[in-house]
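Colleague: For the sequence shown, the numbering used here gives the first residue as 1, with consecutive numbering after it.
Derived by calculation from the structure, the hints in this document are not laboratory data.
Keep in mind that the hints are not guaranteed to be accurate.
What the hints assert, rightly or not - Lysine to any residue pairs mimicking SDA-like chemistry, simulated, CA-CA at most 20 Å apart:
| no. | residue 1 | residue 2 |
| --- | --- | --- |
| 1 | 50 | 74 |
| 2 | 50 | 34 |
| 3 | 18 | 161 |
| 4 | 203 | 177 |
| 5 | 90 | 114 |
| 6 | 90 | 183 |
| 7 | 50 | 61 |
| 8 | 41 | 70 |
| 9 | 50 | 177 |
| 10 | 41 | 2 |
| 11 | 18 | 38 |
| 12 | 203 | 230 |
| 13 | 90 | 102 |
| 14 | 203 | 183 |
| 15 | 18 | 114 |
To be verified - Per label pair, the in silico range of CB-to-CB distance:
| no. | residue 1 | residue 2 | range |
| --- | --- | --- | --- |
| 16 | 98 | 219 | 13 to 23 Å |
| 17 | 20 | 58 | 30 to 40 Å |
| 18 | 21 | 226 | 15 to 25 Å |
We put the CB at the ideal spot given by N, CA and C, even for glycine.
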Amino acid sequence: MSYSDQPYFHRLIETLRKPRRPLVVLVGAGVSMAAGLPSWKELVEGVETKLVPEKLLDAFRSLNSDDLERRSDLVLFLSGDHNSSHKNVKHIREALYRDNFEPEPSAVAEAISQLAKVYSRRISIVTTNFDEVLESAMSEAFGDVNSYSFADWDTWIDLADEDHRASVMHLHGLIHAEDRTSLGPLVLTESDFRLNGPAIQQKLADLLKTSDVLLVGASLADRNVTTPLALSKDEGGE
Numbered sequence: 001m002s003y004s005d006q007p008y009f010h011r012l013i014e015t016l017r018k019p020r021r022p023l024v025v026l027v028g029a030g031v032s033m034a035a036g037l038p039s040w041k042e043l044v045e046g047v048e049t050k051l052v053p054e055k056l057l058d059a060f061r062s063l064n065s066d067d068l069e070r071r072s073d074l075v076l077f078l079s080g081d082h083n084s085s086h087k088n089v090k091h092i093r094e095a096l097y098r099d100n101f102e103p104e105p106s107a108v109a110e111a112i113s114q115l116a117k118v119y120s121r122r123i124s125i126v127t128t129n130f131d132e133v134l135e136s137a138m139s140e141a142f143g144d145v146n147s148y149s150f151a152d153w154d155t156w157i158d159l160a161d162e163d164h165r166a167s168v169m170h171l172h173g174l175i176h177a178e179d180r181t182s183l184g185p186l187v188l189t190e191s192d193f194r195l196n197g198p199a200i201q202q203k204l205a206d207l208l209k210t211s212d213v214l215l216v217g218a219s220l221a222d223r224n225v226t227t228p229l230a231l232s233k234d235e236g237g238e
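Between the sequences and the hints, there should be enough to build the whole structure, so can you do that?
Modeller: Encoded structure:
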């Protein structure tokens with residue numbers, strides 16, 4: 001990587017070294033995958049394996065190969081509970097953590113935690129991931145790390161700077177590795193996106209309008225990422 005061949009890399013480093021605005025770090029599945037957890041597609045397939053009879057699984061996937069949000073909706077509907085915040089959390093948890101109920105933080109998660117520790121302006125750590133990989137990494141830098149879901153957005157936004165940097169906002173909810181009550185609303189299926197997406201997108205867009213933005217391992221196919229970016233792109237941030 002070089003400043004001459006990749007000028008955006010130079011802009012990134014200079015923005016982080018001499019910040020003019022708060023920073024929002026948008027963290028996606030790539031950070032969790034680096035810790036050995038599944039991608040969104042692998043997570044959906046893991047839930048399918050739990051809920052679709054084995055003799056029907058190949059046919060189910062052949063008929064529902066494209067839209068992961070719709071596949072999630074369908075498989076949970078077939079289970080008898082299409083609301084991903086109730087009894088299906090058990091299946092989502094098992095598909096998410098598999099046999100690794102204490103995933104080691106990835107190197108990139110540890111780097112994010114160090115950035116959160118030293119950034120000289122206000123910094124917000126926001127993720128679309130359901131897991132606790134960021135909390136695990138950040139606990140080494142901060143000790144106590146607090147987790148929030150979109151239901152507690154206003155409380156999270158109002159935190160003092162030092163408490164805010166030692167926290168993680170889970171836009172799509174948080175499923176603990178052990179059997180504890182999840183932080184919702186969980187957003188996995190097409191119905192979840194339709195129900196919660198507009199409010200998530202607007203709140204995140206409002207935050208991005210006053211901030212610079214760093215995307216790490218985040219998918220630009222996620223409407224809850226791309227729509228806020230589009231809504232805030234003319235506000236002068238990097």
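Colleague: Each hint should be assessed against the structure and marked as holding or not.
Modeller: Going through the hints against the structure:
Taking the CA atoms of residue 50 and residue 74, the gap is near 13 Å; set against the 20 Å cutoff, the hint holds. As the CA atoms of residue 50 and residue 34 are separated by approximately 24 Å, the hinted pair breaks the 20 Å bound. Under the criterion of a C-alpha separation no larger than 20 Å, the hint pairing residue 18 with residue 161 is consistent with the structure, at around 18 Å. The straight-line distance between the Cα atoms of residue 203 and residue 177 is roughly 27 Å, outside the 20 Å bound, and the hint therefore fails.
For the given pair, residue 90 sits about 32 Å from residue 114 by alpha-carbon distance, which is inconsistent with the 20 Å threshold. With a CA separation close to 14 Å, the supplied pair residue 90 and residue 183 stays within the 20 Å bound. For the hint linking residue 50 to residue 61, the alpha-carbon distance of about 13 Å falls within 20 Å, and the restraint holds. Taking the CA atoms of residue 41 and residue 70, the gap is about 12 Å. The hint holds against a cut of 20 Å.
Taking the CA atoms of residue 50 and residue 177, the gap is near 17 Å; set against the 20 Å cutoff, the hint holds. Of the supplied pair hints, the one linking residue 41 and residue 2 is violated, its CA atoms being roughly 33 Å apart against a limit of 20 Å. For a cut-off of 20 Å, the pair hint linking residue 18 to residue 38 is broken: about 35 Å separates their Cα positions. Annotation: proposed proximity of residue 203 to residue 230 holds, straight-line Cα distance about 13 Å (limit 20 Å).
About 16 Å separates the Cα atoms of residue 90 and residue 102, which keeps this hinted pair within 20 Å; it holds. Using a Cα cut-off of 20 Å, the hinted pair residue 203 and residue 183 holds, with the two alpha carbons roughly 18 Å apart. Proposed proximity of residue 18 and residue 114 is supported: the alpha carbons are some 16 Å apart, at most 20 Å. Between residue 98 and residue 219 the Cβ separation comes to about 21 Å, which falls inside the hinted range of 13 to 23 Å.
Restraint check, residue 20 to residue 58: a C-beta distance of roughly 54 Å breaks the suggested window 30 to 40 Å. Between residue 21 and residue 226 the beta carbon distance is about 21 Å. The supplied range of 15 to 25 Å therefore holds.
In summary, the numbered hints that this structure violates are 2, 4, 5, 10, 11 and 17.
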